[in-house]
Amino acid sequence: MERVPILKIGDILLVSIQLDMSDQTAVALQEDLAQRIVDTGCHGVIIDITALDIVDSFVGRMLSTIASISKVLDAETVVVGMRPAVAITLVELGLSLNGIRTALNVERGMELIAAAHADELDYQLDDEPDAETATP
Amino acid sequence: MALSTEESGRLVALLNGQDERVTTRWTEIVTSSLRGRLSQAELRRQVQDLHRAIVASGEQGTIDLSADSAAELRAALSELSRGRARQGFSATETTISVFALKDVLAELVQEAGGTDALKDYVAFSKLVDEMGLFTFESFVRTRESLIADQAEQLLELSTPVVKLWEGVVAVPLVGTLDSARAQVVMERLLQTLVDTGSPYAIIDITGVPAVDTQVAQHILKTVVAARLMGADCIISGIRPQIAQTIVALGIEFGDIATKASLADALRHVLRLNGVETARRQPRRDI
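Going line by line, the protein sequences match chains A and B.
Count along the first sequence starting at 1, add 59, and that's the number in this note's numbering.
Count along the second sequence starting at 1, add 300, and that's the number in this note's numbering.
Possibly wrong hints are sitting among the right ones.
Which chain B residues face chain A? A few, computed with CB under 8 Å, are given here [to be verified]:
1) Arg352
2) Ala353
3) Val355
4) Ala482
5) Met486
6) Leu490
7) Gln491
8) Leu493
9) Gly497
10) Ala531
Computed list of chain A residues with no C-beta within reach of chain B, every gap over 12 Å [as the list claims (entries may be wrong)]:
11) Met60
12) Glu61
13) Pro64
14) Ala85
15) Val97
16) Ser127
17) Val138
18) Arg142
19) Thr148
20) Glu151
21) Gly153
22) Ile159
23) His176
24) Glu179
Hint data in this document are derived by calculation from the structure and do not stem from the laboratory.
Every residue, glycine too, gets a C-beta built ideally from N, C-alpha and C.
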C-alpha cells in the first residue's frame, strides 16, 4: 500500500497529496499524521492538494477528519493549493469543507499558521505570566 | 427548381442580347431602392458580376442553383449579401438587388413577346425567387456570425481582473451578469488569485445594472469558491437602489464583507493587511 509522505519544516508538518486517495491510504495518513504531531509537537499542519484534479465528498470528509484530529492535538490545519476548477466543482456540489482553513499556496499557509500561533503565544503571555517558563 | 435547357438558353439570349441595357436598368432599380448609400459605379460592378455569373451558369445547360455548375453564381450571391450585411443594410435592401432582375426580365419578355412569353416569365421568376431566398439566407448567416463574434469579444473584453495593491486584485463587473459571463468571471478571478498569489479579491458591481437572485447567486458562488481556495472576497459598489433590492429579495450575504465603494473596500483590505494610510500636509502653491 502506498503511503503519503509527511515532511517536517520547522514547526510545521507538510503533507503533499500526490496520489488518488483510497480508504486505506486515508486511514493510514490519519494515523501517521496523528503519530507525527505527537512525536514532533508541531503546531501546524499544511495539506497541499495542488496535484489533486478531483476533490469529491470522500476527500472532503478526509480533510475534515484530519483537521479535527489535528485540532484535538493542538495543531492548526491549513489546506493549500486548491485549483480553481476544484473550487468551482465543490461550490457547484454544495460542499463547503466546514472547519477547514485554506490558503492559496504553501507560503501563505505557513504565514497563516505562524500568525495563529503568535496570537496564541501573546494570549498566554498576557494572561498568565507563568506560562513563559512552562513553554520551552 | 431548375430551368430546363431551352428556358436557360432563352434566358441567356435575353440577358446577352441586350447586355448593356439589362445592367443599366438593373442598376437603376437597385440604386433607387438604396437611396444613394452605395455609389452607382459600385452597384454597377455588383450587378455586372451577377449578370456574368447567371450567363456563365446558363451557358452550361440548365440553370439549377443547387447544382455544381452554379457554384460561381452562388459565390457571387453570397459575396453580395456578405458585403451588404457588413455594411449594415437591411434584409430588404439586400434581396431587392436580386429581385430587381424580375422587373428587368418582365420588360424584356414583354418586348420580345411570342407564345411562350408568360411561361418563360414564370420560370425566370422562380429562378429569381430562389436566388433571392439564397441571398437572404446568406445575409442572415453573415449577421449571425457577426453577432456570435461580437458576443465572444464582449465576453473577453468585459471581464478584466486588475491588481490594485500587493496581494489585492479587483474585478470591475460591467453589464448584465448571466450564467455564461458569471462562469467566465469566476474562472478568470480564481485563476488570477492562483497566478498572483493574492489573498484578497474585490468584486465591484458598480457597473451591474440590476442585481436579482440569480446574479447574487453567481456572486456568492464566486466568493465561496475563492474562500475554498484560501482567498477573501469583498463586494463593493453597491448602489442604494441595489441595496434596497437585495434586502427586498431577502438575499443574505452572510459574513461576506460588503462596501459601498471600491475605495472603502480597498481601505478595508489595507487595514486587514496592517497597511497604514497617512495623510501628509497637502502642498500649497502660492
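In rising order, the numbers of the hints this structure does not comply with
Numbers 1, 2, 3, 4, 17, 18, 19, 20, 21 and 22, in rising order.
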